[in-house]
Amino acid sequence: MLVATVIIIIRMEKLMSAVLMTSFFSLIVSSIFMVLDAVDVAFTEAAVGAGVSTIFFLAAIAIVGRVSKPTQRKKQILPLAIVLCTGAVLMYATFDMPRFGSPDAPAQQHVVPRYLNESMAEVGPPNIVTSVLASYRGYDTLGEVGVVFTAFIGVFLLLGAGTRKSGIERTANPVAGVESMRQSIVLREVSDLVIAPVLIFALYVQWHGDFGPGGGFQAGVIFASGIILYALIYGIVPAQKLIPPRKLAYLPAVGLLLYAAVGVYGMLMGANFLDYDAVAHDPLHGQHYGILIIELGVGITVAAVMINIFFSFSERSL
Amino acid sequence: MIAGLFNYWVVIILMMAGLYIVMSSRHLVKKIIGLNVFQTSVFLLFISMGKISGGTAPIIADGFTAYSNPLTHVLILTAIVVGVATTALGLAITVRIYEAYDTVDEDDIAEMDIENENKETAVSTVVAKNT
Amino acid sequence: MNESILLLSTLIVPLAGGLLLSLQSSANTRDAISLVTASILFLLVLCIYPYVLNGDAPGIILAKPIEGVSFALQVEPLGLMFATIASGLWILTTIYGMGYMRGANEPNQTRFFFCFALSITAVMGIAFASNLLTLFVFYEMLTLATFPLVTHKGNEEARRGGRTYLGILLFTSIGFLLLATLWTYSLTGTLDFRAGGILADNVTPTTAIILLTLFAFGTGKAALMPFHRWLPAAMVAPTPVSALLHAVAVVKAGVFTILKISIYIFGIDLIAETGAGTIALWVATFTLTAASFIALTKDNLKARLAYSTVGQLSYVIVGAMLANAAGIIGAAMQIAMHAMGKITLFFCAGAIYIATKKTQISDMRGLGYKMPFTFAAFFIGSLSIIGLPPLGGSWAKWHLLMGSIDATQWIIVGALLLSSLLNIAYLIPVAARAFYAAPDSNGQPHGISEAPMLCVVPLCITAAGTILLFFFGDALNDFISLIPLRAPAQ
Amino acid sequence: MIYQLPAIVLLLTLLAAPICSMIRNGDIAWKLAVIAAWLSVAASMALMHQVWGGNEISYHMGGWPPPWGIEVRIDELSALVLILVTLFGSLVITVLRESLRTAMRSHRHSLYYTTFLLCMASLIGITITGDAFNVFVFLEISSLSTYALIARGRDRRALTAAFRYLIMGTIGATFILIAIGFMYMVTGTLNMADLAVRLPEHADNRVVQASFAFFIVGIALKIAIFPLHYWLPNAYTYAPKATTAFLAATATKVSLYVMIRFIFDVYGVEFSFKQMHIDALLLPLSVAGIFIASLIAVFQSDVKRLLAWSSVAQLGYMSLGIAMVNVAGLTATVTHMFNHAMIKAGLFLCLAAMIYRLNSSHIKDLAGIGRSMPLTTGAFAVLGAGLVGIPLTAGFVSKWYLINAALENGWVILAVMLIISSLMAVAYIGKIIDVAYFKPAPAQHKDVKEVATSILIPCWIFALLTIYFGIDTRLTAGVAGRVAETLLGVGL
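Residue numbers (the working numbering), protein chains in the order written: chain A, 17 to 334; chain D, 28 to 158; chain Z, 53 to 542; chain X, 53 to 544.
Okay, chain A solo, but in the shape it has when bound (with noise of 0.2 Å):
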């Protein structure tokens, strides 16, 4: 099915349609996680593949049009040839590989018992992926949230900011299907009623991280998807209204600096950077207070940085 769904992607000669294929191959690629027990993943696959990049894709081809020439023959040969090496490497490579599914794997070895066993007690919460992300591997979520801040200020630098300052009118081309959403009364019932939820989803998502599947990306992720989602249906004047550019602009970094000050507090406090020990008398409540205000400092980055690009993409497009 998968496999099938990617041919279709190549052979698509519609961008709208390949978009939507690959929406829908991220789609089932996010169910396979979840029945890889990655629930985490495919959580956020689900909100980043099928949602919100599909989302950017369908803002850039309202932008740049929507069919593909079809490819040349000639030209196919040499990365056809390139990917087959890659490949034959890769197959020549999984001989070797631990058995799918084996516990024996060296993977689930040497490091990971450690998380298993140790973390409810050293770091407090029940989900392992929440400890790992937030305590042990925090430096790299750290390096996460300023990959994605750095995409936003790269997006910022090449289109602009959401507001409007250039007075070049260009001729209308908005994002696609907007129009017809726009008129349809029923989208805009049910979406009445699925923005607030939605948003409500997200806060719920981001405080629950600790217990089950979620945190401080899912939550931005989904509260991103809302507030676009209100911009699709209402314009983006009236969501531009509801959140202003101008300050949006600023809270990516505020996250990112949130982010940085729990760990830099705790170097105050004597203990090394991003260890949350510090942050309170007791060990474990650092842990538990540290993990909070950090997930909080990945949501709000997470959600305005994509609130943000979401923005400048349809400012190009009025």
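Derived from the structure by calculation, the hints contain no laboratory data. Source: prediction; values computed, not measured. Cβ coordinates follow ideal geometry from the N, Cα and C atoms, glycine included. One thing to keep in mind: the hints can contain errors.
Partial pick of chain X residues on the chain A-facing surface, computed with a CB cut under 10 Å [what the hints assert, rightly or not]:
1) G114
2) V238
3) L335
Assemble the complex: chain A is given as a structure, and chains D, Z and X must be docked to it using the hints.
Chains D, Z and X in isolation, oriented as in the chain A frame:
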């Protein structure tokens, strides 16, 4: 034996399909789509690696003893976010390219660039003649 | 004065003098500075003699960029001799240059004197370099500093000449000399000049031959054929440049380098045992004969002198490659003697040009009566180059001949004799025609009309010098014998 | 304070970046960026002081011991690269304000500084980290910021160059991700020191071999090792002037550092060279890269593109040093990494100053610039001498070691080829110098003036450093020599 590896093979086919889209497409947006597929397949590889048969999601609860690998999940969470960041930036550049060239087809762009260069050399020779 | 500082100041003085004079706008002040600098430098070089005569070797390390290789100076007799010649003749050339440049109304005189000073700095560096790397640095500096002097006229011909000059010198030095240097380093882990050489126990005979041949061709300034073309090309430069740099400093830097490498990197014993010098020896022998033949065909006086220089340089290389005591002494003496003789000839050529604007030998009939001093000096200089007593050049030729007899290289003995005959054939007619041929009958005024005094006096001094050197030949011989040919016994 | 230095050196720039983005006044943002950048230089120096002589610092992020937490590990090699990134990066950031004055509307300036800071922070992050996956994360920050910076170029071709780089860079990064995944699959750890201990046991495992292949290809894409250099010339040519200087100095060098780290430390000498024979691959590619790129450089008429191709050639020297598999060769690589960063950044900066005045980087337009902009051209000439490798400049030292490494292996022909390639460098640099000093200026450039002092000073700092490191090589070749011995496991 084969069953234990089948999963990986499917992932590899997906990865290669993604890579193929990146390299063979002339349309810039489609290239980014390819990147997405490629990366998503790599995520799948990681997650397959972390799966334990009979295990459960790594959320500690009573009654479960085997948990799948949380570390790969964390890595892939990070990688997904990196992926969407790259997509966003790539699309932003694509949009700018469209505004500058009025096309997003690689061949057309290359053609226009060559034309441009020819013009430049022509101009500089004229300048040289004048001086 | 501290000996290291003394040594260092031989570099700093010309450099500072050059900088100082480049800031002056008045021509007189500039020339005065130039002259004072040259004199101070000469005195400083003389001050080093006592140390060397006492058997000391003052040195100074300036930097240590690479493990085992420093950027350092150290005195040894050969270098000191070279430095003395260059700095002494610089004084005379400065005086001559003042006369010439003003007489010829050359533009950009400040740049000219500045680059001149820079070149002398480089020459001092070459003379006192304590290892191959330091020598290489100053060698390249000399190439670059003389480039603006060669292209001084700025016309198309000068630029073409300059391109040949820079092209050949840079190509050989980077392509061969640097390679050989690096190779030496990788073989021995050092580049220091040491008595008895550093390669002795580190090379096979084949490597030694390749390496020495690389060195010989890499030192493009020594003008071994086929890399001699830059020297005639450099003759587009004003005469003082040709005189000091392309008869003395630059070309002598080349043969000096080869001599130094033979003595202090290879050691003459190694060369003698392995026959490492064979190729270079035969190329040099060929060069010295061939160049003399070519010189015969040249009518332009400076071109003829240039080819004469190409030939005379190979005498030094022959001496070095013979690798015996007589050969080395002959080679070292040839550096000194040829310098004195050739600079005289070039001074004369310049003086003739200034006074009459003539450059072709065939136009110089009967000029001897108009410019008696100049042509008398030319005659004396010629005899010294040829190697006839009682002139300095005879000593050098004598020792070289002895060296080749010692080495039982009879073909070389023959080549040396043949070349001397050819020297007579291309040098003597110049002076002879000037004195004995009747002037062209286009009614030139009779009576003496020499070049400016500032030009004539130096050339008379150098001509006298060639005679003096004959009588001080023994002293020079003694001094050169101080060169340590073998490692001191443990 | 000193204990926290490994975190501080990163945080200075990483924290300054978001703050910078919130300041709308470009001037203040610039000042903040400059202060943060120079403070990180000081921190790098302090770290170098601490590890001097072969010490190592290990700092545990979040207080978790490795391999469970992420470790920051600093030895002399990483301290040297830190100084490279911070010092040369800071010099470029210092001139940014002046060079942006005409290039961009002022409200974008803060964003531009932010991107620079992010790029610098991520490069620092890559350099100090001791965790394989962390390398990937910071590599992505640096890549994203680089794409954005390149795309800001004035010519529209900057956009295509950036896009091409983005595609190739992302493929490269994903390859690295696959490689890391494979390593983890076999060893169960991500910590680099831990990997180094555990990988040798699995040297015969095909997964490890495949991961090595993917890693090398991925990182080679980032370094732009020939023939994967495809993205570099256009990216360097069309990126904004000062950006090119920054990228040339830092980005590729840090990727090279990662390659050295993984080849020698993580996979180990035994595996990389004895088993995978990476040298047999790198050697011909490097030599081909040196020659082809130098040759192309000789025939370029756009000086910026010429220098870009020269960069490809110079990267060949660096990978060649790795392929020598001896101490001298690796010393040459590390030394040249530092020296070339300095020289090329300086050259691009001087060129930026010239373009600033001439509005062109075509070689014809540089005619007579030696007279109208003597100070800039002077610095350019000194740096050019460094690139060629004239003795007493930094470039000489690295080439010296490289040629010696070739001779040490008995490869005389290679040594000859290296010297010939130096002559090619003489040709392409000489071409520029010749035009700059010996050709009369065209009429439209008669009234060209020297640039502002604030640009000239960094140019000359680069030039003087080039000479300084040609004389005092304790920091460059000295450290590189010790590092090479440690990495190759000799002399211990």
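Verification of the supplied hints:
Checking G114/X against chain A by beta carbon gives a least distance of about 4 Å; that is within 10 Å, so the hint holds. For V238/X, the suggested interface contact is upheld, since its CB lies about 6 Å from the closest CB of chain A, less than 10 Å. With a cut of 10 Å, the hint placing L335/X at the interface with chain A is violated, because the nearest CB-to-CB distance is about 21 Å.
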